[in-house]
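Okay, here's what each chain looks like letter by letter:
Number of protein chains: 2
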Amino acid sequence: MNLDRYKNLKRQNRETINLNPIQRGGVIPSEAKKAIYEFWDGYSICDFCHGRLDEIDNPPVRDFLNDLSEFLNMDIVRLTHGAREGKFIVMHALCKEGDYIVLDKNAHYTSYLAAERAKLNIAEVGYEKEYPIYKIDLERYKEVIDELEDKNKSIGLILLTHVDGNFGNLNDAKKVGKIAKSKGYPFLLNCAYTVGRMPVDGKKLKADFIVASGHKSMAASGPIGVLAFNEEFSEVIKTSKRYPIKEVEFLGCTSRGLPLITLMASFPYVVNRVKYWEDEIKKTRYVVDELEKIGFKQLGIKPKEHDLIKFETPILDEIAKRDKRKGYFFYDELKKRGITGIKPGVTKEVKMSVYGLEWEQVEYVVNAIKEIVNR
Amino acid sequence: MNLDRYKNLKRQNRETINLNPIQRGGVIPSEAKKAIYEFWDGYSICDFCHGRLDEIDNPPVRDFLNDLSEFLNMDIVRLTHGAREGKFIVMHALCKEGDYIVLDKNAHYTSYLAAERAKLNIAEVGYEKEYPIYKIDLERYKEVIDELEDKNKSIGLILLTHVDGNFGNLNDAKKVGKIAKSKGYPFLLNCAYTVGRMPVDGKKLKADFIVASGHKSMAASGPIGVLAFNEEFSEVIKTSKRYPIKEVEFLGCTSRGLPLITLMASFPYVVNRVKYWEDEIKKTRYVVDELEKIGFKQLGIKPKEHDLIKFETPILDEIAKRDKRKGYFFYDELKKRGITGIKPGVTKEVKMSVYGLEWEQVEYVVNAIKEIVNR
Numbered sequence: 001m002n003l004d005r006y007k008n009l010k011r012q013n014r015e016t017i018n019l020n021p022i023q024r025g026g027v028i029p030s031e032a033k034k035a036i037y038e039f040w041d042g043y044s045i046c047d048f049c050h051g052r053l054d055e056i057d058n059p060p061v062r063d064f065l066n067d068l069s070e071f072l073n074m075d076i077v078r079l080t081h082g083a084r085e086g087k088f089i090v091m092h093a094l095c096k097e098g099d100y101i102v103l104d105k106n107a108h109y110t111s112y113l114a115a116e117r118a119k120l121n122i123a124e125v126g127y128e129k130e131y132p133i134y135k136i137d138l139e140r141y142k143e144v145i146d147e148l149e150d151k152n153k154s155i156g157l158i159l160l161t162h163v164d165g166n167f168g169n170l171n172d173a174k175k176v177g178k179i180a181k182s183k184g185y186p187f188l189l190n191c192a193y194t195v196g197r198m199p200v201d202g203k204k205l206k207a208d209f210i211v212a213s214g215h216k217s218m219a220a221s222g223p224i225g226v227l228a229f230n231e232e233f234s235e236v237i238k239t240s241k242r243y244p245i246k247e248v249e250f251l252g253c254t255s256r257g258l259p260l261i262t263l264m265a266s267f268p269y270v271v272n273r274v275k276y277w278e279d280e281i282k283k284t285r286y287v288v289d290e291l292e293k294i295g296f297k298q299l300g301i302k303p304k305e306h307d308l309i310k311f312e313t314p315i316l317d318e319i320a321k322r323d324k325r326k327g328y329f330f331y332d333e334l335k336k337r338g339i340t341g342i343k344p345g346v347t348k349e350v351k352m353s354v355y356g357l358e359w360e361q362v363e364y365v366v367n368a369i370k371e372i373v374n375r
Numbered sequence: 001m002n003l004d005r006y007k008n009l010k011r012q013n014r015e016t017i018n019l020n021p022i023q024r025g026g027v028i029p030s031e032a033k034k035a036i037y038e039f040w041d042g043y044s045i046c047d048f049c050h051g052r053l054d055e056i057d058n059p060p061v062r063d064f065l066n067d068l069s070e071f072l073n074m075d076i077v078r079l080t081h082g083a084r085e086g087k088f089i090v091m092h093a094l095c096k097e098g099d100y101i102v103l104d105k106n107a108h109y110t111s112y113l114a115a116e117r118a119k120l121n122i123a124e125v126g127y128e129k130e131y132p133i134y135k136i137d138l139e140r141y142k143e144v145i146d147e148l149e150d151k152n153k154s155i156g157l158i159l160l161t162h163v164d165g166n167f168g169n170l171n172d173a174k175k176v177g178k179i180a181k182s183k184g185y186p187f188l189l190n191c192a193y194t195v196g197r198m199p200v201d202g203k204k205l206k207a208d209f210i211v212a213s214g215h216k217s218m219a220a221s222g223p224i225g226v227l228a229f230n231e232e233f234s235e236v237i238k239t240s241k242r243y244p245i246k247e248v249e250f251l252g253c254t255s256r257g258l259p260l261i262t263l264m265a266s267f268p269y270v271v272n273r274v275k276y277w278e279d280e281i282k283k284t285r286y287v288v289d290e291l292e293k294i295g296f297k298q299l300g301i302k303p304k305e306h307d308l309i310k311f312e313t314p315i316l317d318e319i320a321k322r323d324k325r326k327g328y329f330f331y332d333e334l335k336k337r338g339i340t341g342i343k344p345g346v347t348k349e350v351k352m353s354v355y356g357l358e359w360e361q362v363e364y365v366v367n368a369i370k371e372i373v374n375r
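Protein chains in written order, with UniProt numbering: chain A, 1 to 375; chain B, 1 to 375.
By construction, these hints were calculated from the structure, which means they are not laboratory data. Only a predicted model underlies this, so the values are computations on that prediction, with no experimental measurement involved. Some hints could be false.
One copy or two, either will do: identical chains are not told apart, so a pair holds if it fits within one copy or between any two.
[Claimed, not checked] Dumping the calculated DSS-like pairs for lysine-lysine here, alpha-carbon to alpha-carbon at most 27 angstroms:
(1) 119 / 183
(2) 326 / 175
(3) 153 / 241
(4) 246 / 105
(5) 238 / 7
(6) 326 / 7
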């Protein structure tokens, strides 16, 4: 065993501007860094635990979960290891084997995996229009539900991806929430890309359950997630017959460590930053406008309503044909300029986000890309 | 919302000698602290991911999992969010609803919870002798299995707690492994209190599956765990039909963040420290010898074979009756001396561990307790 390779672990891209959309919302502020110093030992969060993670008062986990409920406008909040783990918990607790889940065609792969693990069936709601918009046909939820009911299929859950991770399309969740309510099915909204980046009001969106991701969008070190639900569904979260204070679907405690500390320490920062969502949208639209001038083509809903941008980039494909680095030229040239997070070697389509960057940095990124393309 | 309470989160007990057995094995070394600086942003571990957490080369996750297999003498290793999550994965993947799990009466509450979540039944193996030893009657595994078979019950899994969290009793796992093998059932060994503290050789112990805990015993910030298994069981871990590179029971990726970085960075330290297990046992036995002189009585197997000590403490109970602080006097007096981790208010029984403390600190702890009792 060469144990030296675990000594001095370095992050190669630590000082770069990282455009990877899954990373922009997880950059932690200095408040969280300071808290890490205090709590980096395993189980340190449990110094003053009386048996339940969500009821620890020191550090203030109990208060935090209450404040988080208020922030999300939901009744009850629990911690999970991430959005995917939250989705599995809801499915496993609510549905019986073989039930159908109705979900959008832009759903994250982990929504499908959670359903597969819970031994459920899937019915998809497709697009209003495919290329280049890929907008989910929200009204179709009604029809898909009707079709399943006509076939006497048992429906366990309605799931919608608030913003998908492929096109960054924002869905009007309220529409689906209303359909679910009128049909009498519970409604789970996957907010992995929205809670912590933009304002999310669970009640207004008619969500019965919300899952969110700390490491993706709440300025927390992973892995940690949030599961919020309404009073009406409080009985879904059962406690153990043998250990009455322990919740079965959470195996007692979930995120018992550093990720939770960072989620708490970053909370004031996150509560504040979502107020500036309009400015983030401005930055995003600026990037689209400028890069479309040089031959990029934005896919998904236009104009952008979320910071995740997917571009079709025929111009990069063209350059790759004449560059000896092939498709890697773009990654390479960006890296030289201190910019990372664009998939190496890919030239047909690129995904990026400038969420949380200063305007100066956004301009720097845009100019760098223009320079690389126009060499 | 009073957001000020999340600013400057402090760990009150940061600078103390913490005797809580669940905390001693999770104290992280400076190597891990340095690595945290590099990777504290959410999803930073995924900078160079091609779709699978366990195959990331930078940082060296793939190498690490191979080295960990060697360290445990098992064929394959995967990451989980903790030992409990690993147990659920094994149960959920291996067993069908209603199956029986045969486990020891000292099993951790999360073994029961994992079984409850997986909708399984439990058959317990009890003690050779209850008070004061509480030693599991390992040969009884055979009888319990026979009894279930006689009743035509379907058995899904044999589980043994290598060292339990109540008495710190070490079980001779090989005995149970042999029984499981001869009967043809898979054998899961819960090593949450052993892997990372003492040498564990999976093959020698006849384990088919091993779960371990990073935050409990592998000097990692939680939550993170390890699931190791043998080639023979590799098909239990199925990949998704729709996403063939993603493993269903792991929902794609598990511990995608800081806890994994600390587990890797601490690994050389852990590999080294288990070599000094005999010295840890010496410290533990010294504590027992000295404290039995002042009226403490060690429960569980004697002499100690693990650092977790449970004492019956009639002497503390007596003092509590005449101290105006009642049962809190012990916690309070220890705290004054910079020692924490003993449950406040409890005087009939106390649990403690001096794992990883310097001999000088062990003596300091022993002398402090003597001083408090003999005031």
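These are the hints, each one checked on the structure:
With identical chains, the CA atoms of residue 119 and residue 183 are at most 27 angstroms apart within one copy only, with a shortest distance of 23 angstroms there and 29 angstroms across copies. In this homomeric assembly, residue 326 and residue 175 never come within 27 angstroms of each other (Cα to Cα): the closest approach is 45 angstroms inside a single copy and 59 angstroms across copies. Taking the shortest Cα distances, residue 153 and residue 241 sit within 27 angstroms of each other only across copies (22 angstroms), while inside one copy they are farther apart (31 angstroms). Taking the shortest Cα distances, residue 246 and residue 105 sit within 27 angstroms of each other only across copies (18 angstroms), while inside one copy they are farther apart (36 angstroms).
Taking the shortest Cα distances, residue 238 and residue 7 never come within 27 angstroms of each other, neither inside one copy (44 angstroms) nor across copies (33 angstroms). In this homomeric assembly, residue 326 and residue 7 never come within 27 angstroms of each other (Cα to Cα): the closest approach is 34 angstroms inside a single copy and 48 angstroms across copies.
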